[in-house]
Amino acid sequence: MIELYYDSFDLACIIHSQDLGTRTASDMLEKVWKQDNLYLTPYYRTNLRSLYLDVHYWIDYLCDKPLIDREFPSIQKDFMSFGKEVNEGAFVTDYFDIDLFFKMKRLQILYLDGQDYVRMKLRTLLKAYGYKRRTQKLLKYFHECLMFYHMQTYLRGKEECDIGEIGLDEMIIIRII
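Heads up, the sequence shown stops at 185 in the working numbering, and the numbers go up one at a time, no gaps.
Quick caveat, the hints were computed from the structure, so don't treat them as lab data.
In this text, a Cβ means the ideal position worked out from N, Cα and C, and glycines have one as well.
One or more hints might be untrue.
To be verified - With a straight-line Cα cutoff of 27 Å, these simulated DSSO-like cross-link-like pairs (lysine-lysine) come out:
no.	residue 1	residue 2
1	K135	K145
2	K85	K73
3	K148	K166
4	K135	K166
5	K148	K129
6	K145	K73
7	K129	K145
8	K73	K92
9	K135	K148
Unchecked claim - For each label pair, taking beta carbons as the anchor points, the in silico distance ranges come out as:
no.	residue 1	residue 2	range
10	H151	D86	27 to 33 Å
11	Q123	E93	20 to 26 Å
12	K140	E38	50 to 56 Å
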């Protein structure tokens, strides 16, 4: 479950994908640190300064990702000349994962959009992450994320629903409970 905590890279991805300005991003980070602290990786729960610095490091990376990724072989050679090894995964990474969706939606609802819900078709959610149908493993992971982030799915009319039992073209509404 540790991957469900917000880390600096997740927050940077959210800020970058939402194209937030510096002031809005800083306000959001401060609110997350003060009000959603239990969802942060333990390292950042007592260190707001490190959170700011690490998030901004990743934002800079995401802004120049293609250029930095092209330079990775040169960085790797430099490390090898000193007898060190560098993990490629620490530098070259694609930035959306399915748990990031739930993190982003939670932060949008609580701190960004001013709405207390997010609405979308289930098919759109699945398609965004390369799925065409629901598997038991995927549904289990969705339910874990919904429980962890204290979120609930509804149909129109505030009727609670289970995403495993509704049609793919149903409009779902996600709220914080």
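Status of the hints after comparison with the structure:
1. K135 x K145: The hint holds at about 16 Å.
2. K85 x K73: 19 Å, holds
3. K148 x K166: 23 Å, holds
4. K135 x K166: 24 Å, holds
5. K148 x K129: Holds. K148 to K129 sits at ~19 Å (cutoff 27 Å).
6. K145 x K73: The hint is violated at about 31 Å.
7. K129 x K145: 20 Å, holds
8. K73 x K92: Holds: K73 and K92 sit about 23 Å apart, inside 27 Å.
9. K135 x K148: Within the cut-off at roughly 17 Å; holds.
10. H151 x D86: 27 to 33 Å: 45 Å, violated
11. Q123 x E93: 20 to 26 Å: 47 Å, violated
12. K140 x E38: 50 to 56 Å: 40 Å, violated
Consistency with the previously given hints fails for numbers 6, 10, 11, 12, ordered from lowest to highest.
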